[in-house]
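Peer 1: Residue numbers (numbering that gives the first Met the number 0), protein chains in the order written: chain A, 0 to 125; chain B, 0 to 214.
The hints are simulated quantities; they were obtained by calculation from the structure and are not laboratory data.
Only true hints are included.
So the derived list for chain A, only partly shown, Cβ under 7 Å to chain B, looks like this:
#, residue
1, Val25
2, Glu110
3, Ala111
4, Ala113
5, Ala118
6, Phe119
7, Gln120
8, Pro121
Residues from chain B shown here face chain A by an in silico Cβ test under 10 Å; the list is partial:
#, residue
9, Pro17
10, Phe20
11, Gln21
12, Lys23
Each residue gets a CB set at the ideal place from its N, CA and C atoms; glycine is no exception.
Given next are the chains, with one letter for each unit.
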Amino acid sequence: MTHLHRALAAGVVASLAACSGGLRNVEAYRADTTKLLATRSAQLQRCYGDALRADGKAAGTVTVQFVIEKDTGAISRPTVEPAHSTAPPALRRCVVKAIDGLVLAPPDGKEARATFVYAFQPAPAT
Amino acid sequence: MRRWLIVAAAGLAGCSSPVVFQGKSTLVVTGPPAAQPPRVEVQDHKIEIHEKIQFDDNRATIRSASRELMDEIGAVITRNPQIKRIRIEGHASAEGSRRHNQTLSAARARSVAKYLRDHGVAAGELVAVGYGSDRPIADNATADGREKNRRVEFVIVEQDVVHQKVEVDAGAGKEKVLEENHERVKEPDDPAAGTSGKRPARSTTAMHGKPAERP
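So that you can see chain A by itself, here it is in the shape it has in the complex:
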């Protein structure tokens, strides 16, 4: 093995070591993100309450996509996917506001791109 080969081998090992900074596999990332989003359920309830006050029949889905920044774990660039969202516009905006700024802890060495669907539905009649 030449010196060059040794250097390249070291580079590969180093790069793989850097990759191992990712703590979570997909399942763990999904589960942790779901838990994180659940911390905003009160805000989302308020969002829906406001929407229902504006329109008593307000309901529908909001499909939201966002990035979880590597190293910081911050949720950033949340956007609504209009083609897969049926909720009123004000409710969509409220969802984006509610989840923006959340931080996944501990952060992961890998960036994630996540898609979640919220369904807003009235309370069942009693």
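With chain A held as given, fit chain B onto it using these hints.
Peer 2: Okay, now just chain B, sitting in the frame of chain A:
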């Protein structure tokens, strides 16, 4: 050497690609429960009860299942001091003899009045009357109709009302009371006497406190 480069590049590329995933299931947000309409509400000339008072079969005994409702009726009457007198009307379906229905409906009306008196409603406010099957509100030929006809109604026969003359500021949309008159309004004791008695318009009752007459 080329092989090493490919491996290194692949390793680095895998490292920089983001994790992509979707939520496993839809996150459901359920709205707050809809406000329940009141079970007992004061209307212009009656106390509307959106639930039936239940009695033992063929008797005037109020079932325990209706005690909460009865307490609510008592509380509503007490909370509305403008109501001075209530006629508690017992009604029956056409099932059975006319005489029996008359007796049973009167006994049920008295039973309701007694319960309310025993639970704090002033005795002078309540008059119990039985109308038997003479005043149906539904078809006695069907079971559903007969069930509707078996009922107790609360008619306000005497109450204080407030008449207000109000001026509305078109610009600000604010109302200014120009004149206010209080009046004791009475219904005829027997509805068979007709409906010529003065009936307060919805907006005139003191309970609502809304303007009654507008210039």
